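S.K.: Starting from the given sequences, assemble the full structure and let the hints guide the process.
Each protein sequence line maps, in turn, to chains A and B.
So that you can map any letter, position 12 of the first sequence is 12 in our numbering, and since no number is skipped, the others follow by simple counting.
For our numbering, count along the second sequence from 1 and bump the result up by 115.
Think of the hints as simulated: they come from the structure by calculation, not from any bench.
Treat the hints with care, as some may be off.
As the list claims (entries may be wrong) - In silico DSBU-like pairs for lysine-lysine, Cα to Cα no more than 30 Å straight-line: (1) A/K60 with B/K141; (2) A/K60 with A/K77; (3) A/K77 with A/K56; (4) A/K49 with A/K60; (5) A/K68 with A/K49; (6) B/K141 with A/K49; (7) A/K77 with A/K49; (8) B/K128 with B/K141; (9) A/K52 with B/K141; (10) A/K68 with A/K56; (11) B/K141 with A/K56; (12) A/K52 with A/K77.
Since the structure is predicted, the reported quantities are computational estimates derived from the model, not experimental observations.
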Amino acid sequence: GNSVTQMEGPVTLSEEAFLTINCTYTATGYPSLFWYVQYPGEGLQLLLKATKADDKGSNKGFEATYRKETTSFHLEKGSVQVSDSAVYFCALSDLGYSSASKIIFGSGTRLSIRP
Amino acid sequence: DAGVTQSPTHLIKTRGQQVTLRCSPKSGHDTVSWYQQALGQGPQFIFQYYEEEERQRGNFPDRFSGHQFPNYSSELNVNALWLGDSALYLCASSSWAGGTETQYFGPGTRLLVL
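M.R.: Structural data, given as C-alpha cells:
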C-alpha cells in the first residue's frame, strides 16, 4: 500500500541555519503531496502542497519539490527561526473509490530551533 | 471565516465507556474525515463522510462509528473504550466537488481513557 517515510528527529538547529527534512513516498498512481506542521498543543496546519511531478509548493519561506524520479518531497528553508519549532509531517493523498481521499502521514519530525 | 471546530477540547473516560466527539467543517466544505493521532505518531485515517454516508474507512474496528448531519457537521462515536484509544482525535474538512485530497484540520479533541 501507499506509505510515507520521513527522517527521524529530533532535529536541532541554530537560528538562521538551513533546514532540510527528508521525505520519500511509495504510491501507485500520482498522489498529491503535502507538508503539515503541528505546533505544541495544536492541531495540524497545511504548510504546502504539490499536486503533480516537478511542482514546487512554497509557503512562509518553506519549499518542497515533487520529484517523481526519486519519489521524494524534501522540505527546505533557507533560514529558520525559533518560531519554526514544531513537528513536521510529510503526507500524501490516497484517492479511493468514488472520489473519497484519505491522507497518509509519515511519523513526523520534531524540529527545535535554538536562539 | 470560521475554520474547522471541534468539541470538546479534552475528555477523560474510563475503560468500557462510550464517547462522542463533534466537528463542524470549514465554511463551504461538505466532507468530513476523522483521524486518530497517538502520542508521538502521525495521524491515522478512521473514516470519511459525505452526503451523510461513510465513503471510505480505514483499518479501525466497528467500535468506531460516525454520523454526518444535513448541515455537514459530524460526530465520531467510540464504544467500549480501551486504554489504547487514548489519543488526539482530529477532524478534517474538504470539498467533495473540489477534491477531497486537500483537507483542513481542526484543533483536535484529546481523549484520555483510564
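S.K.: Each hint should be assessed against the structure and marked as holding or not.
M.R.: Hint check results:
1. For the suggested pair A/K60 and B/K141, the alpha carbons sit about 22 Å apart, so the restraint of at most 30 Å is met.
2. Taking the CA atoms of A/K60 and A/K77, the gap is near 9 Å; set against the 30 Å cutoff, the hint holds.
3. A distance of roughly 13 Å separates the Cα atoms of A/K77 and A/K56; the hinted pair therefore holds under the 30 Å criterion.
4. Restraint check: the Cα-Cα separation between A/K49 and A/K60 comes to about 13 Å, which is no more than 30 Å; the hinted pair holds.
5. The suggested pairing of A/K68 with A/K49 holds, with an alpha-carbon distance near 14 Å, which does not exceed 30 Å.
6. Between B/K141 and A/K49, the direct Cα distance comes to roughly 19 Å. Compliance with the 30 Å bound is thereby established for this hinted pair.
7. Distance restraint check for A/K77 and A/K49: the Cα-Cα separation of roughly 15 Å lies within the 30 Å cut-off, and the hinted pair is therefore satisfied.
8. With a C-alpha separation of about 28 Å, the suggested pairing of B/K128 with B/K141 holds against the 30 Å cut-off.
9. Between A/K52 and B/K141, the direct Cα distance comes to roughly 25 Å. Compliance with the 30 Å bound is thereby established for this hinted pair.
10. Restraint check for A/K68 and A/K56: the C-alpha separation of about 12 Å stays at or below 30 Å, so the hint holds.
11. Straight-line distance between C-alpha atoms of B/K141 and A/K56 comes to about 26 Å, which keeps the hinted pair within the 30 Å bound.
12. A C-alpha spacing of about 21 Å is found between A/K52 and A/K77, which places the hinted pair at or below 30 Å, so the restraint holds.
Comparing the model with each numbered hint stated earlier shows that all of them hold.
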